[in-house]
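Protein chains in written order, with numbering that gives the first Met the number 0: chain A, 0 to 326; chain B, 0 to 326.
Keep in mind the hints are simulated off the structure, nothing from the lab. Using N, Cα and C, we set each Cβ at its ideal position, and we do this for glycine too. Careful, some of the hints might be misleading.
If we take Cβ atoms under 8 Å as the criterion, some of the chain A residues that face chain B in the derived model are [what the hints assert, rightly or not]:
id, residue
1, GLU47
2, TYR135
3, GLY201
4, GLY204
5, ASP229
Number of protein chains: 2
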Amino acid sequence: MTGPTGLPMRVPLPGLPAPTTRVTVYEVGARDGLQNESGVVPLAVKAELITRLLDAGLPVVEATSFVHPRWVPQLADAADLMTSLADSLGDRARDLPVLVPNERGLDRALELGQRHVAVFGSATETFARRNLNCGYDEQFAMFAPVVERALAAGVRVRGYLSMCFGDPWEGPVALERVVAAGVRLLEQGAEQLSLGDTIGVGTAGHVEALVAAFDDAGVGVDRLALHFHDTYGQALSNVQAGLRAGVRTFDASAGGLGGCPYARSATGNLATEDLLWFLDGLGVEHGVDLAAVAATSAWLADHLGRPSPSAAARALAPQATTTTIQG
Amino acid sequence: MTGPTGLPMRVPLPGLPAPTTRVTVYEVGARDGLQNESGVVPLAVKAELITRLLDAGLPVVEATSFVHPRWVPQLADAADLMTSLADSLGDRARDLPVLVPNERGLDRALELGQRHVAVFGSATETFARRNLNCGYDEQFAMFAPVVERALAAGVRVRGYLSMCFGDPWEGPVALERVVAAGVRLLEQGAEQLSLGDTIGVGTAGHVEALVAAFDDAGVGVDRLALHFHDTYGQALSNVQAGLRAGVRTFDASAGGLGGCPYARSATGNLATEDLLWFLDGLGVEHGVDLAAVAATSAWLADHLGRPSPSAAARALAPQATTTTIQG
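Work out the full structure, taking the sequences as your base and the hints as a guide.
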């Protein structure tokens, strides 16, 4: 179920800024992962996934997105899912974050009594137009009433920012542009800003430079989260850089869900299992049961009909009884 | 062929020990990768793989292993392969490192005029018995005449050490044991010591601690190489830790060859593509053409009949023309 006995050895990373004793793993598999599935996953499977992830100890499990079903048919059951979770989990379901792209999305979330929402913006003009169907400046005009009304209703707001490390149409994205966009989301009232490397092109020095640029702009690391995709295998290395820079919240997806693992340019999220193994090795607390997450990923892989793209998830799958050795 | 235009952005990692301008990528795919294939790869494919990797600019391409064919039938053609490469590459083929487990292996390598060999030891008793069929102390007795005769013949010797971060039978391996084993190999005459995380369990703090332990024992980072497997997704993060600790030689395998990517407990090597993307992002020179390596991995994947386990290799495959985007 777990790795070889007593492994990984716990060895702290030297030179981490204090306090380094605890990290928050923000689980996005049920939303960012499943929204990229080619097929629609049944509501019962989604509900069980979220429940299992909560039972594994994940402190934050993003549940779904109230986008228009025309854009993301995979999440068209968002309201039904949250109702089902409220039935099974009770009040706890209200605290699961849900994405709301605009006021209509917020209306739906508020009707259901949700207490934690997220808006999602873009650091680039092109992706704002492609993902949100509006311009870079217009997106903030769209978010303003969403955030304002959410805060007035006592609802927590997270801000996502996409394309913080590069954009497939625009190329490299300057640090100042990312900081400018992030500061606008924070000034609108987002309590936390999740900086997304949507196409997975960033590397470790870039991560540290971006965090430092936010610090220079007066945004402390306590308000930042990092959201990495593993397109070029950089996700966990980038977490290490973020951790060294003082960030303490990292987004991850059970089993590395997100994007098809066998398509070219697959853009799966950082696997929660990879992250937990890393934190366990450093002796950084997270409160999550790695074996339970790996078992959940294995169960979901059966439902999706393909193995997890995460090496750690496969190696830790409950059925694994042997370890392959190489010379 | 490559990633989105101008990506990754070049951003140095702050605080790297100087000089950090250049890293040596030691390519092990043709040996460590192919020895773990379930089938035997034809000699012509192996020869083309090695030639393409050299043409891509890789400074060191380990070619094969002179182990007994009974133990590794995948590499039973070692002598024929080196003869074929000498025909096509000329004198250059003599400098490709080959593994020699014992004096018989060395005899075969010397007969062919090879000028760079590697011995492979274990930091643990159990793995020495399983992989070398002798005890921990006996292995050094076996290596002694190999290294002595190689050096006398003007042949360079690399020392590999397995299970430096954990052992599937013995669990965690103490730093002192690894240092003791490594120092013995170096004192026997190995010019470089490659520290292997054979089962991929190590994490970043452990890497830095091990390098520091060698330093405490008087072994400088210039004599160390790091050899990571990606079983738990830690390989590139561990390279980052090693780079920060001053190590400048990293083993990697084109496309992440090594172990079956779809078997549980897959233990593929760090993918050369992941490593090159990382170094490119940091602006660290390596002299290798990433696109040419990715094209080689795609070509080999066709021969092996399955996609590369490396996300970067898949994303960079020459056929890739689109980039998948997620919200």
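Regarding the hint that A:GLY204 lies at the interface with chain B, is the smallest CB-CB distance below 8 Å?
4 Å, holds
Take the shortest C-beta to C-beta distance between A:GLY201 and chain B; is it under 8 Å?
For A:GLY201, the interface hint holds, since the closest Cβ of chain B sits about 7 Å away, which is under 8 Å.
Report holds or violated for the interface hint on A:GLU47, using the least CB-CB distance to chain B and a cut-off of 8 Å.
Violated. Min distance 23 Å.
Is the interface hint satisfied for A:ASP229? The criterion is a beta-carbon contact with chain B at less than 8 Å.
Result: holds, 5 Å to nearest chain B Cβ.
A closest beta-carbon separation below 8 Å is what the hint needs, so does A:TYR135 meet it against chain B?
16 Å, violated
Hint compliance for this structure: hints 1, 2 are not met, and every other hint is.
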